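Going down the list, the sequences are from chains A and B.
Heads up, the first sequence is in our numbering, so the first residue is 20 and it goes up one at a time.
Heads up, the second sequence is in our numbering, so the first residue is 20 and it goes up one at a time.
Simulated from the structure, these hints should not be mistaken for lab results.
Please note that a few of the clues may not be correct.
To be verified - Between beta-carbon pairs, the in silico distance windows are:
1) B/Glu130 / A/Glu130: 38 to 48 Å
2) B/Asn93 / A/Pro105: 51 to 61 Å
3) A/Asn60 / B/Asn76: 27 to 37 Å
4) B/Asp80 / A/Gly68: 11 to 21 Å
To be verified - So the derived list for chain A, only partly shown, Cβ under 7 Å to chain B, looks like this:
5) Tyr22
6) Phe34
7) Ile39
8) Ser40
9) Gly41
10) Lys42
11) Leu74
12) Gly85
13) Arg89
14) Tyr92
15) Val95
16) Pro96
17) Val99
18) Leu113
19) Ile125
20) Arg131
Bear in mind that the values here come from a model prediction, so they are computed numbers and not experimental data.
From the three backbone atoms N, C-alpha and C, an ideal C-beta is built for every residue, glycine too.
Okay, here's what each chain looks like letter by letter:
Protein chains: 2
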Amino acid sequence: MKYEFNLAELCPATFAFHVISGKWNLPILAFLSEGEPIRYNELKRRLPGITGTTLTNCLKDLIDNGIIHREQYNEVPPRVEYSLTPSGKELVPLIEDIVAWGANNIHVLSERKG
Amino acid sequence: MKYEFNLAELCPATFAFHVISGKWNLPILAFLSEGEPIRYNELKRRLPGITGTTLTNCLKDLIDNGIIHREQYNEVPPRVEYSLTPSGKELVPLIEDIVAWGANNIHVLSERKG
């Protein structure tokens, strides 16, 4: 397969790479791919090292790209939950394949540093 | 599938996410997944916007993680080519799936910005 893309222009490859790359996107998508809607604080707790601003920006970017959905329940205090959209759910098997690749290849690291 | 990982610790998920994420890693891996070894300048040409330093660092990181191989031919001038290792080659179908996901879901963007 020959790839022709320019990262400055939007095309399927650059769109997909944008969604998948970024230090926190895959971990956020991995947690959401577990199937249950997740609240902001729960996501933040499970992502040690992420700042509130970064998490908010990542979630906004994923919402803008149609990958995740934000639901606000008008309760006191208000409850906000995040979940995958249909496009986001199509990423679930990909994320599982990526983690499976990690499990099959992590040995390479120790062999190189052997 | 339930994900338990801490990004500060090395585990299959964090190893895989590290290799896949980062603005330039996927594009670099996509070009190398075309099958032919590629020279540094050719990679740089095909990645408009990347600096020499960034490309060098990304390549070094991918080499350190056992994903790509660097071959130097002692000619005048010396020739250096990059190619995927066996672990890197296992990423090829994943990269194709990621791009295919992009092709299937890019419509979501225009619908949202309708």
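We went through each hint and held it up to the structure:
1. A beta carbon spacing of about 47 Å between glutamate 130 of chain B and glutamate 130 of chain A agrees with the range 38 to 48 Å that was offered as a hint.
2. In this structure, asparagine 93 of chain B and proline 105 of chain A meet the distance hint of 51 to 61 Å, their C-beta atoms being roughly 54 Å apart.
3. The hinted range of 27 to 37 Å is satisfied by asparagine 60 of chain A and asparagine 76 of chain B, whose Cβ atoms lie roughly 35 Å apart.
4. With their beta carbons about 19 Å apart, aspartate 80 of chain B and glycine 68 of chain A fall inside the hinted range of 11 to 21 Å.
5. A cut of 7 Å between beta carbons decides the hint on tyrosine 22 of chain A: the least distance to chain B is about 5 Å, and the hint holds.
6. The restraint placing phenylalanine 34 of chain A at the interface with chain B holds, with a minimum CB-CB distance near 5 Å, inside the 7 Å limit.
7. The beta carbon of isoleucine 39 of chain A is positioned within 7 Å of a beta carbon in chain B (closest approach about 6 Å), and the interface hint is therefore held.
8. The beta carbon of serine 40 of chain A is positioned within 7 Å of a beta carbon in chain B (closest approach about 5 Å), and the interface hint is therefore held.
9. Annotation: interface hint on glycine 41 of chain A holds; nearest CB of chain B at approximately 6 Å, less than 7 Å.
10. A least Cβ separation of about 6 Å between lysine 42 of chain A and chain B falls short of the 7 Å threshold, and the interface hint therefore holds.
11. Using the Cβ-Cβ criterion of 7 Å, the hint placing leucine 74 of chain A at the interface with chain B is not satisfied: the shortest such distance is roughly 13 Å.
12. At a threshold of 7 Å, the smallest CB-CB gap from glycine 85 of chain A to chain B is about 4 Å, leaving the interface hint in force.
13. This hint is violated: arginine 89 of chain A has a C-beta 13 Å from the nearest C-beta of chain B, more than the 7 Å allowed.
14. Hint on tyrosine 92 of chain A is violated. Least Cβ distance to chain B is approximately 22 Å, over the 7 Å limit.
15. Interface hint at valine 95 of chain A: violated, since its Cβ lies 30 Å from the closest Cβ of chain B, which is beyond the 7 Å cut-off.
16. The interface hint given for proline 96 of chain A is violated, since its Cβ lies 28 Å from the closest Cβ of chain B, which is over the 7 Å cut-off.
17. Interface restraint check for valine 99 of chain A: the shortest CB-CB distance to chain B comes to about 19 Å, outside 7 Å, so the restraint is violated.
18. Hint status for leucine 113 of chain A: holds, given a least beta-carbon distance of 6 Å to chain B, under 7 Å.
19. With 7 Å as the threshold, the beta carbon of isoleucine 125 of chain A comes within range of chain B, its nearest partner Cβ sitting at about 5 Å, so the hint holds.
20. Annotation: interface hint on arginine 131 of chain A holds; nearest CB of chain B at approximately 5 Å, less than 7 Å.
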